[in-house]
Amino acid sequence: MNQSKGNLAIGISAPIRKRTYFWGQIRRNKWLYGMLAPGVLYFLLFKYAPMWGLLLAFKDYQPFLGFFGSNWVGMKHFERLFHDPAFWMLLRNTLVLAGYNILFFFPAPILLSLMINEVRQDKLKRAIQTVIYIPHFVSWVVVVGIAYTFFTIDGGLVNEAIMAMGGEKINFLASAGWFRPMITLEVIWKETGWGTIIFLAALAGVDPQLYEAAKMDGAGRLRQLWNVTLPAIRSTIVILFILRLGSFLDTGFEQIFLMLNPINREVGEVFDTYVYTAGITQGQFSFSTAVGLFKSLVGFVLVISSNWLAKRFGEEGVY
Amino acid sequence: MNQKNRSWGTHLFDGLNLAILLVVSAVMIIPFIYIILISFATEQEVLSKSFLIFPTKFSLEGYRYIFSTPILLRSLAVTIGVTVIGTLVNLLLTVLMAYPLARKDLYGRRPVMLMVIFTMLFNAGIVPTFLIVKELHLTNTYWALIIPSAISAFNMIIIKNFFQQLPDGLEESAKIDGCNDLGILFRIVIPLSLPALATFSLFYAVTHWNTFLSAILYINDSKKWPIQVLLRQIVILSEKGLSDMNEAPPPPSKIINMAVIVFSTVPILSIYPFLQKHFAKGVLLGSVKG
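Chains as they are written, first to last, in the working numbering: chain Z, 69 to 387; chain A, 1495 to 1784.
Just chain A, same shape as in the assembly (with noise of 0.2 Å):
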């Protein structure tokens, strides 16, 4: 109709629309801000107000607690070695995979793809995987953590595109100078590849980190908890009493659980601000072509 008031309805629709957006982002992070700012409250001042949200004295008390027993430490150790491992090999398999399906003249790729995409439509479920890992003694190992999720077809199947849509002039230039396959993918299409790469070793790393299902099927040895698993019974479980834990520590407070959330977490979201500005561009570069 007139200027005048189509911008005011503008403005008020862009003003609401930030509103709402603002509220959502709050919501996505103050739990977060929360218990980080309780985990450094003191345990008097958890107890004796019922609706804390800003402590106001400073106390490390829930950090002293988890660095006193070698049982957080522990599996935290065990976290940190199987995600660096383990995102290794899921990287490693998963390059060597894509690469030579990314050939579109290689005899037989079709088959292989084949098998790969039927993976994603029917799984055989999470008992006959169990008895699979347990018949080839992965049970109470590492391993287990890392092998029977080696790759992930999904992954791989974007990688798979990004590759085939590097130039193929860089190839064929490589083998005339010499190289074998082998050479090409590691001096030519990984060097190429590094930010798509880089956003799928956090996925992996994040799957790594996050595990609890396998740990639960796989791990019978609380030694060899990763942290999650340690997570829970601490955090979760703690209203029921830590019957199952083998080296019970005492009843965890407030902050401590807490302290636990922040120390398990905190790792792993360190990485995502370096990896952030590739990731939405890593996840398209292959998946809109599906």
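In isolation and in its complexed conformation, chain Z is listed as follows (with noise of 0.2 Å):
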């Protein structure tokens, strides 16, 4: 019946033993795998199969051939990759974006929930929560649309502000200057509040104790954030910048495919914008899935080896 009584019987009997087992557990439990079935047949259909198709990468994809007609062409993709000037620039504008958000973006939450954490008033503190949780649950189309009303230059209160100060106005939406700091700015605004969640949680769970032991010792309110705050959310902090670093490459389509535009393109486009415009609509399948999959597999490296890494420096690690 149990495993360790399966385990004991040895010999011919085994591999029949194991099977019955098998049914044995499918029949016991037919609800739960009942249960189980629609779900592992969309990661099975949307998840794996479209991992099947990458094999496109290698292949001359002919809508008429179809996916298994279509000829084999080896690494011919992959070498029109890394001799296209487009992946350099596409690269390069990746590995920026990506850059500017690690290094603005990510401190924003951790600076911000330890700015909230210090409020001593319960209802200030919540009301403030409310507000800015809000910008997280607005689309990408709104906040795009929103940059447009204020920064635009027929009438967009940032420049007439400038205007009115006797400056210059400014083309933010359409130049090859403003583009990343504009990039950088709606993720700031979009998702920092949201982001504070998770460290806020993080804080409450600090035993109070602790402050009143360094208050004992003379420490200030800058002197306990120092050595008792923050090395409480070391572990939270760790483990989601090796989230974002295993998602580096992850710009994000929506709100880049919506700021881009002829102007700005030369800077701003970046893999999965690529991907969506020489795929999708230039019909281009073979060709993009191969950029689709150099990015792909770089995210993954990128995620095995910082969970790495944080698991030798003592963390626990993601996975």
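Certain hints may be false.
[What the hints assert, rightly or not] The calculated DSS-like cross-link candidates involving lysine-lysine, where the alpha carbons are at most 30 Å apart (straight line), are: (1) K98(Z) <-> K1669(A); (2) K1551(A) <-> K1598(A); (3) K191(Z) <-> K283(Z); (4) K1543(A) <-> K98(Z); (5) K1771(A) <-> K191(Z); (6) K98(Z) <-> K193(Z); (7) K1771(A) <-> K193(Z); (8) K1628(A) <-> K1718(A); (9) K237(Z) <-> K1551(A); (10) K144(Z) <-> K1669(A); (11) K1717(A) <-> K1628(A); (12) K1543(A) <-> K237(Z); (13) K1718(A) <-> K379(Z).
[Said to hold, decoys possible] Some residues of chain Z that are not near chain A, with every Cβ distance over 12 Å (derived): (14) P153; (15) F155; (16) L159; (17) I170; (18) V296; (19) P299; (20) I305.
[To be verified] A few chain A residues that face chain Z, going by a derived Cβ cut-off under 7 Å, partial list only: (21) L1515; (22) V1517; (23) V1583; (24) I1730.
No wet-lab data here; the hints were simulated from the structure.
The structure displayed is predicted, hence computed values, not measured ones.
All C-beta atoms, glycine included, are put in the ideal place defined by N, C-alpha and C.
With the hints as a guide, bring the two chains together.
Listed below in structure tokens is the structure:
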């Protein structure tokens, strides 16, 4: 019946025992397996079947020949990829935007939650939290729409204010120089508040006795922050940092797609938007699959290695 | 050093901290207030005053325009439909998958979990997924906006962890009373998890409401566009004209833009206060343990 008994039975009967054990399990938990089935089917169909579809990167996909009928071309698309100046532009843009993200966006929720944590009045604290979560719930279309309203050169509030103060209008939306700062500012505006949730929870778990002890030792507020609060959320910071590194190349399709225009394309086009344009709208399925595969592989290596690093440094890691 | 000095420093610290936080909160909320205000302004006032913050005349011009064309109402209906049905599908499939995986004694649980986790680390990208959706003849149907994102691996794992924390005794006693696993899930486990499930229904609903990428990938027929795609046409592309719209409304003015943003955002934001008290807890229930 149970596993230990099955292990004890040696010799010829073992495989048979194992098989009946398997079917016995299935029959006994038929409801559970029945519940599991749609989910497993979903993952196979929409997550694993596309992985099989990655083989397109090594074929010349012709819609009328279909997936199986198209010819194998080996590494042709990858060779083209690495010789294409566009590829290096994509790599550079993706890396720079991702770097901006880590440098400016990643610390923002940590800083904000440390500040919120210092607020003593509970009602005020909750009110601030409620307000700062809101931008997370609106779509990128709305965020970019709002950015357009504020930053456009014809009648945008920001440019009107610059003019009123005697400055020159700045074309924030259609210039290469402003593209990256705009993208990063939008991300910070939309997601910083939401990002505080997890840090605030970690902060709420800090033992108040530690603060008492620090106070006894004569630590002021800043000193307490440094010696009690920060160490308390260190592991949360590390885990979130790994997660961020793991999705380092995910610059976010929607936002960038919406902010792109012919003037900023040179600094704004990233892997995600390029795969969409070349693959879906221009029908270069195989080539853009190769671009996507490159991105996914690099991302995968980044997750695995950053998790390994975290474990080396004595943190729990993500998995 | 001395008590007086320290308390003065503390007050300064608190005061500065609060001041900065209030400014941050204002930055987060003022754009919304501004957009709502301008959406009720008159066209004339917007055109005549360059630096308009508080409109002096109240008008419904912008909203009247929205309700005068069937286009916006139709895409709002599409969005509402996809959001409601999509969220129900999400919840049902996620819960059905999470519950068996929460049963530690289930044979084969580990490989299934690994299969799910792997999809969080590696994904095939949009082109192969697009081709699968096409092969399944889902393109240009509303199902294309629902089925390819039926389960979020991340949400599923958090709900699974939540289920694991429920006491085992409940299930056993239900089993003795002759309940099968499906009965246990729907009569005992789900009612006990309502606050957590409310949180995830908000997350799923927001995703559906804000869906843009799947719509531009899978829906070519502009009559089936959800509101976000239309919003982009009107608000973001207005400067470049609306050439790729079949039934182009006249070039929209600023107040119409604002009204459209409000119109497409208010419904989803109005759910938020009802669920807000749950979600911080809901998010953390499972995520702490990963």
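Hints and how they fare:
no. : hint                  : result
1   : K98(Z) <-> K1669(A)   : 14 Å, holds
2   : K1551(A) <-> K1598(A) : 64 Å, violated
3   : K191(Z) <-> K283(Z)   : 25 Å, holds
4   : K1543(A) <-> K98(Z)   : 70 Å, violated
5   : K1771(A) <-> K191(Z)  : 13 Å, holds
6   : K98(Z) <-> K193(Z)    : 49 Å, violated
7   : K1771(A) <-> K193(Z)  : 14 Å, holds
8   : K1628(A) <-> K1718(A) : 17 Å, holds
9   : K237(Z) <-> K1551(A)  : 28 Å, holds
10  : K144(Z) <-> K1669(A)  : 60 Å, violated
11  : K1717(A) <-> K1628(A) : 19 Å, holds
12  : K1543(A) <-> K237(Z)  : 17 Å, holds
13  : K1718(A) <-> K379(Z)  : 48 Å, violated
14  : P153                  : 22 Å, holds
15  : F155                  : 15 Å, holds
16  : L159                  : 16 Å, holds
17  : I170                  : 19 Å, holds
18  : V296                  : 15 Å, holds
19  : P299                  : 18 Å, holds
20  : I305                  : 14 Å, holds
21  : L1515                 : 6 Å, holds
22  : V1517                 : 11 Å, violated
23  : V1583                 : 10 Å, violated
24  : I1730                 : 6 Å, holds
Hints 2, 4, 6, 10, 13, 22 and 23, counting from the list given before, are not met by this structure.
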